[in-house]
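Enquirer: Following the hints, complete the assembly by docking chain B onto the known chain A.
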Amino acid sequence: MIGCYDFCGHYEWTFGWCEREGGPALVREYWDEAINHDSQRHARDLIRREGIPGMLKYWGHTLLEESPDLGFRITPRADVFRIDFHACPSRGFLLRNGLKHYHDYCDHCMGWTGPMLREAGYVVDHEHNHAGQCWWEMRPAAATGGHAAPGSVAGDQDVRLRPDWPQDPAQLDRYTKTNDPDDKMA
Amino acid sequence: MNPPVPSALPYTDTKPQGSADFYYATNATFRFILQRRGPDGWRRYLEAMGREYFAPVNRQWAQGGLAAVARYWRAFFAAEPGAEVDVEERPDRVEVRVRVCPALRHLRAGGREIVPEFCQHCHWLGAARAEAAGLTMRLSGGDGRCCHTYARPAAGLAPQDLGQITEVRP
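So the protein sequences, as listed, match chains A and B.
Per my numbering, the first sequence runs over residues 1 to 186.
Per my numbering, the second sequence runs over residues 1001 to 1170.
Next comes chain A alone, as it looks inside the complex (with noise of 0.2 angstroms):
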């Protein structure tokens, strides 16, 4: 039996696979047709329906049972929700374990919540280092502009002013008002 106390193994395993069977195309559908659209179509009716207070229902559901010991923070505002992982669930998993079978298990978050977000009617900012650390802004469609600056939205909780955050922007994933996980910045 597949089992959910090791998801994020044979998930990962699993974008490896699709990538096998069909290259990128296939992780990308797999990403918003199975993730977005069946899986979690909980969260996407709940934020279509709801905006900002239904990001905050499902994020403040999943991410508290995903990660009870808190290595996340939530802000929620009227204009933009906010989330800092601090200890992501499971990209820590996968590093505590040794798993590696897809060359960036991160890219699949903006895979399925960037095409949620879009049909919401919301835009991302967003930026991994790849070890754990990650943040993400959504804000309405129309938002535009580049980053909010570190601690502008979060106060201290902004992952960006962790001392082990990187500077060197190499070396950092990052997105700019977007909802394609191909829309990675140069």
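Simulated from the structure, these hints should not be mistaken for lab results.
Careful, some of the hints might be misleading.
What the hints assert, rightly or not - Sample of chain A residues facing chain B (criterion: CB under 7 angstroms; computed from the structure): (1) 1; (2) 13; (3) 17; (4) 50; (5) 102.
All of these numbers come straight from a predicted model, not from anything done at the bench.
Even for Gly, the Cβ is constructed at its ideal location relative to N, Cα and C.
Expert: Okay, now just chain B, sitting in the frame of chain A:
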């Protein structure tokens, strides 16, 4: 001080049990692969996962024999929320009797459309893992209650009859 006892599970988390909502993703993954690659592609996916992702536990089984198999399944189901399972070790086989399948229980509670072939995954995956460990695997039942048998080849189990694996009812 005694040395730490190695886990029967190849990959371990900081939580004692997994998050049951992940069963939604497993069911959705099966649906996606069945639609895109058909039953043969889905079987290929599960067999490859059994050989590759589960290689560490297959090695534990090959080295530790049926005792390692029984230890693994006890630890596995202890980490799956809602599972009700008995594991019996006999001289030539281990029987894993699932009284309540945690995945089907949660998928039903969540009102999810379960792929009818769902229960076959335990056979395709389990048989590939057993083969890698020099064992055989058979499955009977399904739709929430089933019996997995892992045996030494000398046990002479009859070939798997796929008709013995129940489809999931809507």
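Enquirer: Hint by hint, say whether it matches the structure.
Expert: Evaluation of the provided hints:
Of the supplied interface hints, the one on residue 1 of chain A holds, with its beta-carbon coming within about 5 angstroms of a beta-carbon of chain B, less than 7 angstroms. Restraint check, residue 13 of chain A versus chain B: the minimum CB separation of about 4 angstroms is within 7 angstroms; hint holds. Because the smallest distance between the Cβ of residue 17 of chain A and any Cβ of chain B comes to about 6 angstroms, under 7 angstroms, the interface hint for this residue holds. The interface hint given for residue 50 of chain A is violated, since its Cβ lies 19 angstroms from the closest Cβ of chain B, which is over the 7 angstroms cut-off.
The interface hint given for residue 102 of chain A is violated, since its Cβ lies 12 angstroms from the closest Cβ of chain B, which is over the 7 angstroms cut-off.
Consistency with the previously given hints fails for numbers 4, 5, ordered from lowest to highest.
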